[in-house]
Amino acid sequence: MIDQHFLALLVVVPLLASPLCLLLPNGRLPWLLATAVAWVVFALAVFGVFRVYGDGPVSYWMGGWQPPWGIEYRLDALNALVVLIVAAIGAVVVPFAGRSVPAEVDGANIAGFYAAFLLALCGLLGIAVTGDVFNLFVFLEISSLASYTLISQGRNRRALVSAYQYLIFGTIGATFLLIGIGLLYAMTGTLNMADLARRLAEVEQTRTVFTGFAFIVVGAAIKLALFPLHLWLPNAYTHAPSVVSAFLAATATKVAVYVLLRFTFTVFGLEFSFGAAPLSLILATLAVAAILVGSVSAVTQNNVKRLLAYSSVAQIGYMVVAIAMVTALGLTAATLHLFNHALMKGALFLALGCVVYRMGGADMDSLRGLGRKMPLTMAAFVVAGLSLIGVPLTAGFISKWYLVLAAIELGWWPIVAVVLVGSLLAAIYIWRVVEVAYFREADDPARSEAPWSLLAPTWLLALANIYFGLDARLPVSLAESAASVMLGGAP
Amino acid sequence: MSLLFEHYNYWVAIFLMMTGFYTVISRGNLVKQVVGLNIFQASVFIFYISLAYVDGGATPIVKEGVEVYANPLPHVLILTAIVVGIATTALGLALIVRIKEAYGTIEEDEIREADQRDGKDSDA
Chain A
1 MIDQHFLALL VVVPLLASPL CLLLPNGRLP WLLATAVAWV VFALAVFGVF
51 RVYGDGPVSY WMGGWQPPWG IEYRLDALNA LVVLIVAAIG AVVVPFAGRS
101 VPAEVDGANI AGFYAAFLLA LCGLLGIAVT GDVFNLFVFL EISSLASYTL
151 ISQGRNRRAL VSAYQYLIFG TIGATFLLIG IGLLYAMTGT LNMADLARRL
201 AEVEQTRTVF TGFAFIVVGA AIKLALFPLH LWLPNAYTHA PSVVSAFLAA
251 TATKVAVYVL LRFTFTVFGL EFSFGAAPLS LILATLAVAA ILVGSVSAVT
301 QNNVKRLLAY SSVAQIGYMV VAIAMVTALG LTAATLHLFN HALMKGALFL
351 ALGCVVYRMG GADMDSLRGL GRKMPLTMAA FVVAGLSLIG VPLTAGFISK
401 WYLVLAAIEL GWWPIVAVVL VGSLLAAIYI WRVVEVAYFR EADDPARSEA
451 PWSLLAPTWL LALANIYFGL DARLPVSLAE SAASVMLGGA P
Chain B
1 MSLLFEHYNY WVAIFLMMTG FYTVISRGNL VKQVVGLNIF QASVFIFYIS
51 LAYVDGGATP IVKEGVEVYA NPLPHVLILT AIVVGIATTA LGLALIVRIK
101 EAYGTIEEDE IREADQRDGK DSDA
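Quick note, the sequences are listed as chains A and B, same order. At the far end of the first sequence sits residue 491, using our numbering, and the numbering has no gaps. At the far end of the second sequence sits residue 124, using our numbering, and the numbering has no gaps.
Hints are computed from structural coordinates only; laboratory data are not their basis. Keep in mind that the hints are not guaranteed to be accurate.
Stated by the list, open to error - A partial selection of chain A residues facing chain B, derived with a Cβ cut-off under 10 Å:
| id | residue |
| --- | --- |
| 1 | L160 |
| 2 | G170 |
| 3 | I172 |
| 4 | G182 |
| 5 | A186 |
Claimed, not checked - For the chain B half of the interface with chain A, some residues (derived, Cβ under 7 Å), not all of them:
| id | residue |
| --- | --- |
| 6 | L37 |
| 7 | Y48 |
| 8 | S50 |
| 9 | L51 |
| 10 | Y53 |
| 11 | V54 |
| 12 | V76 |
| 13 | V83 |
| 14 | A87 |
| 15 | T88 |
| 16 | L91 |
| 17 | R98 |
Even glycine gets a Cβ: it sits at the ideal position worked out from N, Cα and C.
Taking the hints into account, I'd like the entire structure generated from these sequences.
Right under this line is the structure:
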């Protein structure tokens, strides 16, 4: 049964578990259920990746209705990678939540918190596996509504305003996607991605299709926080509970990048997206601006969570500039960075979660002397930070290496320079944290390391950064086959 | 001229869309922003539904002697989108209630001032 229905189960299991969570009493039980679900989902995702690499793309017809009439779920090399990222981060982050969430979220809301978390997981996985554009919109809204709720759970009252701002931005973005989908439906009469790709070829040169394309790209750009549409992101990541920051930073923007890739490469096809429309130039320009502005803003931040949030804006820039290259090497770099950035940002935000658990805050002042007070936590932060900078022997180096190679191959020397400047700025902002943690004295130097239930998930991700820096065969081969799917045209 | 009258449904949708969008951007009152967002979404609903109309078509219910039907699929899609819209509105209003409790105001500039007063990690 699992063999046949695993694609549907990937979405249905968290969806059904979510209301169950809400029925459980506040306390440990909702957490246990969420952990079990996250691990089941991870197992299904691993199973799916093996299937895709063993026997090629998997297609599942919801309710047995044949596409394009019914909704098709489809797993190929590209979205298998995204599903793996989301499921893996979910499986690592939920155990962390067991200690961290009761400390940061109102005790009366614990069951609701996990219910929203499972909905967000369901939505993100749904976006990744669906082969139907309207279904994609619905899952996008499920995941977004759940993440607004999660963000608003932060203790600080600013969490409420951040969640509200994100709601306004996110809804405009999703509605833009909806308009674009409507225009495509008006021209083709279909909603299935593969069918759309076939039929759009006949009506490509019409103003309606161009308008639809523009709406969809802008909608996706809002969701993935591409500069200058990133304004919702820093506040949301800063004021959300630590677990939520880690989960969303590692998955939500990645899934939005996937939406952009899916539409531009599979649905519209690269001849249209990058030939008829000047998308390459627009994306490259905005991405360069994102890298520079994001990194410079990160350097000046006083709150480390906000610092990491601005760094995310810059890192998204790396992915988008790699997409704008539209070469096999560039797309490999983009998907590789998708994977590696999830690892490094997940580890960094979890390490900060440990700090918040002990110190109650994440501004520079509360990090003073933590190198001695919480040596294991700060060591994990440094490892992930090195990966973020792109130091050799870490995962971050691999993706930057591919990115630079891809830029050199095209002769895009300014991009090479921008990547180097961006890495230098990353070194500066990570160093600021390291300096405060290791070279300033704490008021109370007594050792107070975070409990192992928080350290274990943090170190798991930190070690993954080193492991995939030493042996990058798995992510590189995944990314290469994803790139060939995108360049191969038909899904 | 024909562009103006034959496709008046699209002009209505565009007018509503811009009205809603402008309201979201220009208003400082959070409830008014949500209202603007609703108008913006409603314009998309109208766009989808007018899309479904087929010239001379009847309502999509099987009946003897009727050959041409309006396309029912966009109607169904929009039912889903309306549910999404209601959920968004509900969540937005719930957040506004909590903001009002925490800040005592729902004006954007007053909230910003309150945040600046507690200082520290505010955005420049």
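Restraint outcome when A87 (chain B) is required to lie within 7 Å of chain A by C-beta distance: Hint on A87 (chain B): holds, closest Cβ of chain A at ~6 Å, below 7 Å.
L160 (chain A) as an interface hint toward chain B, with CB separation required under 10 Å: With Cβ-Cβ at 5 Å, under 10 Å, it holds.
Hinted contact Y53 (chain B) with chain A - closest CB pair below 7 Å: Hint violated; Y53 (chain B) Cβ to chain A Cβ min 12 Å, cut 7 Å.
Interface hint compliance - L91 (chain B) to chain A, C-beta minimum distance less than 7 Å: holds (6 Å)
Hint check, L51 (chain B) versus chain A [nearest Cβ-Cβ separation less than 7 Å]: holds (5 Å)
Interface hint status, S50 (chain B) versus chain A (Cβ within 7 Å): Interface hint status for S50 (chain B): violated (10 Å vs cutoff 7 Å).
Supplied contact hint for L37 (chain B), tested at 7 Å Cβ to chain A: Holds, about 6 Å.
Restraint outcome when G182 (chain A) is required to lie within 10 Å of chain B by C-beta distance: holds (5 Å)
Satisfaction of the T88 (chain B) interface hint, Cβ to chain A closer than 7 Å: holds (5 Å)
Hint check, A186 (chain A) versus chain B [nearest Cβ-Cβ separation less than 10 Å]: holds (5 Å)
Restraint check, 7 Å cut-off on beta carbons, for Y48 (chain B) near chain A: holds (5 Å)
Closest C-beta approach of G170 (chain A) to chain B relative to 10 Å, hint status: holds (9 Å)
Going down the numbered hints, you'll see the structure goes against 8, 10, 11, 12, 13, while the others check out.
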